[in-house]
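Undergrad: Chain residues, written in single-letter form:
There are 2 protein chains.
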Amino acid sequence: VSSASSALSERLGFIPPVCEVFKSPFIRLETENRYGFQIHPSARESLPDIIDNPVEGIVGADQPDPAAKPSDRRLNIGIVFSGGPAPGGHNVIAGVFDAMFAANENSRLFGFLLGPDGILENNYMEITREKVDAYRNLGGFTMIGTGRSKIDTPDKMALARQHCLDLNLDALVIVGGDDSNTNAAFMAQEFFNDGIQVIGVPKTIDGDIQVRDKNSELLCAMSFGFHTAARAFAHNVSGLCADCSSDVKYWHICKVMGRVASHLALEVGLQVHPNITLIGEEVADFIDEERIEKAREQGTVDYTAYGMTLRHVSRLICDGIVKRAAAGKNYGVIVMPEGLLEFINEIQVFIIKLNTIIADYNQTHDTDFHSDFPTLDDKLDHLRRMARMARENHIFTVWNTRDDDLFNVLPPFFQEGLLTERDSHGNFQFSQVETDKVIMGLVKDYLKTLAEQGVYKIGIERGWYARTMEKGGLDPKTYGRALFQNFDTDDAFLLVKKSAVSVKTLKQTLAREGVLDESKDIPKPIDKIYKASMPKFKTQNHFYGYDGRGNDPTWFDCTYTYNLGRTVFALIACGATGQMAAIKNLEKDFSDWTPLGIPIAPLMHLEERKGKLALVLEKSLVDIEAPAFRVFSAMREKWLAAEPGPDCYRRPGPIRYSGESEDSRPITLVLNELGRQ
Amino acid sequence: VSSASSALSERLGFIPPVCEVFKSPFIRLETENRYGFQIHPSARESLPDIIDNPVEGIVGADQPDPAAKPSDRRLNIGIVFSGGPAPGGHNVIAGVFDAMFAANENSRLFGFLLGPDGILENNYMEITREKVDAYRNLGGFTMIGTGRSKIDTPDKMALARQHCLDLNLDALVIVGGDDSNTNAAFMAQEFFNDGIQVIGVPKTIDGDIQVRDKNSELLCAMSFGFHTAARAFAHNVSGLCADCSSDVKYWHICKVMGRVASHLALEVGLQVHPNITLIGEEVADFIDEERIEKAREQGTVDYTAYGMTLRHVSRLICDGIVKRAAAGKNYGVIVMPEGLLEFINEIQVFIIKLNTIIADYNQTHDTDFHSDFPTLDDKLDHLRRMARMARENHIFTVWNTRDDDLFNVLPPFFQEGLLTERDSHGNFQFSQVETDKVIMGLVKDYLKTLAEQGVYKIGIERGWYARTMEKGGLDPKTYGRALFQNFDTDDAFLLVKKSAVSVKTLKQTLAREGVLDESKDIPKPIDKIYKASMPKFKTQNHFYGYDGRGNDPTWFDCTYTYNLGRTVFALIACGATGQMAAIKNLEKDFSDWTPLGIPIAPLMHLEERKGKLALVLEKSLVDIEAPAFRVFSAMREKWLAAEPGPDCYRRPGPIRYSGESEDSRPITLVLNELGRQ
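Those sequence lines, one after another, are chains W and C.
Going by our numbering, the first residue of the first sequence is number 154, and it counts up by one from there.
Going by our numbering, the first residue of the second sequence is number 154, and it counts up by one from there.
Quick caveat, the hints were computed from the structure, so don't treat them as lab data.
Hints may contain errors.
Claimed, not checked - Below 25 Å or equal to it, Euclidean Cα-Cα: the simulated DMTMM-like pairs (lysine to aspartate or glutamate) are:
#1 C:624 - W:308
#2 W:677 - C:308
#3 W:691 - C:569
#4 C:402 - W:274
#5 C:772 - C:435
#6 C:791 - W:283
As the list claims (entries may be wrong) - Simulated restraints on C-beta separations:
#7 C:652 - W:315: 31 to 39 Å
#8 C:786 - W:602: 52 to 60 Å
#9 W:301 - C:762: 47 to 55 Å
#10 W:447 - C:282: 55 to 63 Å
#11 W:692 - C:524: 31 to 39 Å
#12 W:545 - C:156: 56 to 64 Å
#13 W:675 - C:305: 22 to 30 Å
Since the model is a prediction, treat every value here as computed from it, not as a measurement.
Every residue gets a Cβ at the ideal spot worked out from N, C-alpha and C, and that includes glycine.
Bound-form chain W, shown alone:
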């Protein structure tokens, strides 16, 4: 048994296809004037030398451009990974290396180690062919590592510049997310007069880097790594679908990575068709028309009508669970994004309100809230008093009865978290909250209520009911009408009457219908049927994240990143800076893929970060108006499969790098493209 598996050798040997233009003997850039951006004045002020960069197309040429520096000149290039690993990173390096080496064998590629710290520490290694060959088409960023530090102060910027000058770099390549590409733009500006070019590469499994120009023309449909991570999660979730539909006793609760955007959850939903998939953007976008109408009638505005409450989300989940149970399916799969709670307006409101309450209290009483109310119960009492006073005295306070009601349905550990002291920015640490436990805690509580109300019941298969009764010598018809809500329908699954929620109430129900003397025992077959109708709600929790982001890349990501690397080199060789390497038409057939340089500076806008306004790239969230979400939304009822018959689970199969097929690109992209045609 070899330590290198045959799967590994084959993968290392895969040669991704390259875009047509990269087969040309020479390349040059061609300004794509048809694309434009709305430029923010602050960006113009901060990034004067790169703000007017155009989108650059890459075209082939038979002759070198006599007006430009020779593209086959000797170059020194540095490359660095920034942030969490994403499948395909090694192929960006391979693409740069192969193009660079083909142009000039004396060019050199340096990898800064363990992220931007490598630049600050002058910690690097030279990337040789041997190194490149050892990591072709492999996942992770293992070759040179990654890190999360930022080059975000004048001192650090100066240090980075010095080390790039020391290494005599012609260009620096920054492979990272939105923040790292923002950083790349600032470095491009900073290094502009030194002639050191800086090129960004859009990486993040979260899929939240997508670039459009001001006319909504799609220039970069997706960051690299997204497809692989989504497919890896989908493959695991698919295994859970097979498991739960065999064993028919568990609801598998799958949290998938994605804090700021729910792209991964949506793609997993489209890949696997789980019974319930929650999308944060939809939760945030919800509008409670009833509340708005009511407020309008009263001549007021109800700002709490926007966005779903936690209770509402849990009710939706319960609704799906109850419906499936009625069709005899007390099992299923739920997918939710890691960042779901951050999309719930009410939670954000709680955080702001509680911060205000604690600060006000401390100021008014010149004391410490947490010392005065040491236990959770003390704190809850205090809040309840505030709400009562507000109601009784008809005064406006920051904490009203509705707040108190909503707050009291939260599980104690989450209440405790929300009431804990904050960091200096008053930021609540979402990362410490177990999203799935908060949501499923509410779901479990509510299901218990629904079971007590007789609403959550397992449907009884009609044939089994009849057989069980007949075997016990009882007439199915006589008892059927007494026992079930829907006996005289065509329903394949029978629902025990709501009033029967215990042996006692079952007896009363049968007695009321005149088929049982209340002093007698319940006949055995009926007892058996009743028991089979009473659900247990058993869950298994799963988190898919690190394993998927460490996966070896799909065909899509292998090919995308290799061509990104080629694009990076083209941009460098042709003298561009402050550009992000991109491939247009990713959503289409490979033959349509078009390498581009997208100027980063014009994409920037102002956003609050850590309490200050900063120039950053906007993160792309799931567009709930786009075709992918609309397809998902239209299929939701079908995929819940709350009816007799098989479930609609889809098996995407394991990740493959060979061959382009229907599975070779994210379904989200394919649907969005189909919808536009």
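Once you have looked at the hints, place chain C on chain W.
TA: Same frame as chain W, but now just chain C:
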């Protein structure tokens, strides 16, 4: 985007190869007298009609056997899944169906639904070609479902018999684990005079069904489903290896299924080479020679010297973590079996001792232990008093100081669990304990101690040290000897002296060496180096189980199960009963695979189950004398990779069903076979 992925269509179309004998026009059984078993008298008594069954070989023939019933006669066969799903189950059905249909188109196959309950409820469906074709090579038991009920009382046995007679069954096929195959033998006996044959099929991802005859000849090397589950876990763990070696900040803690045996953990270890893999059987097998020697000197026997303590296990893990940190690697991957705690002698001893203490207390005081000591602290106080009294009065009690010491290192939630009231059998519910949390809780505590002692430190790369010092205008040599333990060695990574564990002690250390005036601040470069040497221990916990057992089968499991199905049919057609279908030589090339019937009754022995002696199949544990474990053990140090340079992680790649390759069978089997050659 089609709802059926192309991966699915291709998989459905895969036709597993069949063993040579199944290509013959006719088959017959041939008794294999060279294999024999040690028969237990109780088995002979309980299973008189099937106890003398021999191992049956299957041989091809050009003519039907005139002495036997025609093997192409019309047959009615029932099949049922029992227990958790395992990849390949659908191919057992496909194998039976294809063979049955080829022999006689009028034969019929019935699937009992949702496990043995389907037999008891007479709940079944006819398995048609359409159904079979929809599930070929797919994971899960979705076609007919599974369940956990047992046919273990005379009433249930009678009911099962009646329903098999009603369906006019010639044979019943039970696909399940050790208990289900035991059940199959009892049903074979029960149905013997009715002429209903019963055949078992060895299924369990845990890999704990392995059959040898009395001469240790291997008849069945592995149950089906094991390979796929192990490969699925391995693939996910492999992603974590890529992740942690890129991001270099997490230890990924992976718990994998396997309660009674650690085969899955061992196979994952061999597939992926994680830094640390724990094997329960090794933990249980450990002998503390020091304690034994000490006891021998004192003329006593120390029964506690057998098996590792929880503390010992956590120390071993810490040892690996500390060693890697010293080589600059404060990250890694740990794999442990779900059932690890059950292999720890001390935990078993605690359960027995605490049961005794609670029972004694209740009897002596005619009261309730839990009412008298309501909180955990009360209980711990009581135990401490017992231990102290025993020591002071030199009396033997059930709870001594060593018990108390060991008990007090357990995390409170686990102490609480151990002190909780038991079920009526006094059984402790291991399944409610989070193995990984117990172990890693101890590891974290001990690492904290090791950090305070200056033992757990991150090695500082020599070059980086020199650069950092020089940049700060300090002489690396002058300070190197003062700061590091190993400056004057060839070590690539430098270890800060043990005495420096805080800014204060760092200062004292440097002052003692005469390179710093204690009233001055620590120079910035040294402060930076010191900080880089102080480890944070960050973990991410993972549990791999349900997703892997729901995975689509590997080539090995596809082919194994399809041939198992064919074997089942051959045994039925040739009139066998009480046999388990098996394939000999699984560990060898496919051309050597040999279908067999193994008689179940002679394999049975007596074991305590739920407080009673019962005839059961013995579960196979990991053999720590066998080559696979020995290879693992020999490679352990290498795979820990606590030295400069890359880790030794292996990438097994995703699960494939096409083509036989080095990855096509469990590494455990291959190594055990190699070791025997």
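Undergrad: Each hint needs a verdict: does it hold in this structure or not?
TA: Status of each hint after checking the structure:
1. C:624 - W:308: Holds, because 15 Å separates the two Cα atoms, which is no more than 25 Å.
2. W:677 - C:308: This hinted pair holds, its Cα atoms lying about 15 Å apart.
3. W:691 - C:569: Answer holds: residue 691 of chain W to residue 569 of chain C is near 23 Å, not above 25 Å.
4. C:402 - W:274: Holds, at about 18 Å.
5. C:772 - C:435: holds (16 Å)
6. C:791 - W:283: holds (23 Å)
7. C:652 - W:315: 31 to 39 Å: Because 36 Å falls inside the window, the suggested range holds.
8. C:786 - W:602: 52 to 60 Å: For residue 602 of chain W against residue 786 of chain C, whose Cβ atoms are near 54 Å apart, the range 52 to 60 Å holds.
9. W:301 - C:762: 47 to 55 Å: About 53 Å separates the Cβ atoms of residue 301 of chain W and residue 762 of chain C, which means 47 to 55 Å holds.
10. W:447 - C:282: 55 to 63 Å: holds (60 Å)
11. W:692 - C:524: 31 to 39 Å: Because 33 Å falls inside the window, the suggested range holds.
12. W:545 - C:156: 56 to 64 Å: holds (58 Å)
13. W:675 - C:305: 22 to 30 Å: Given about 26 Å between the Cβ atoms, the range holds.
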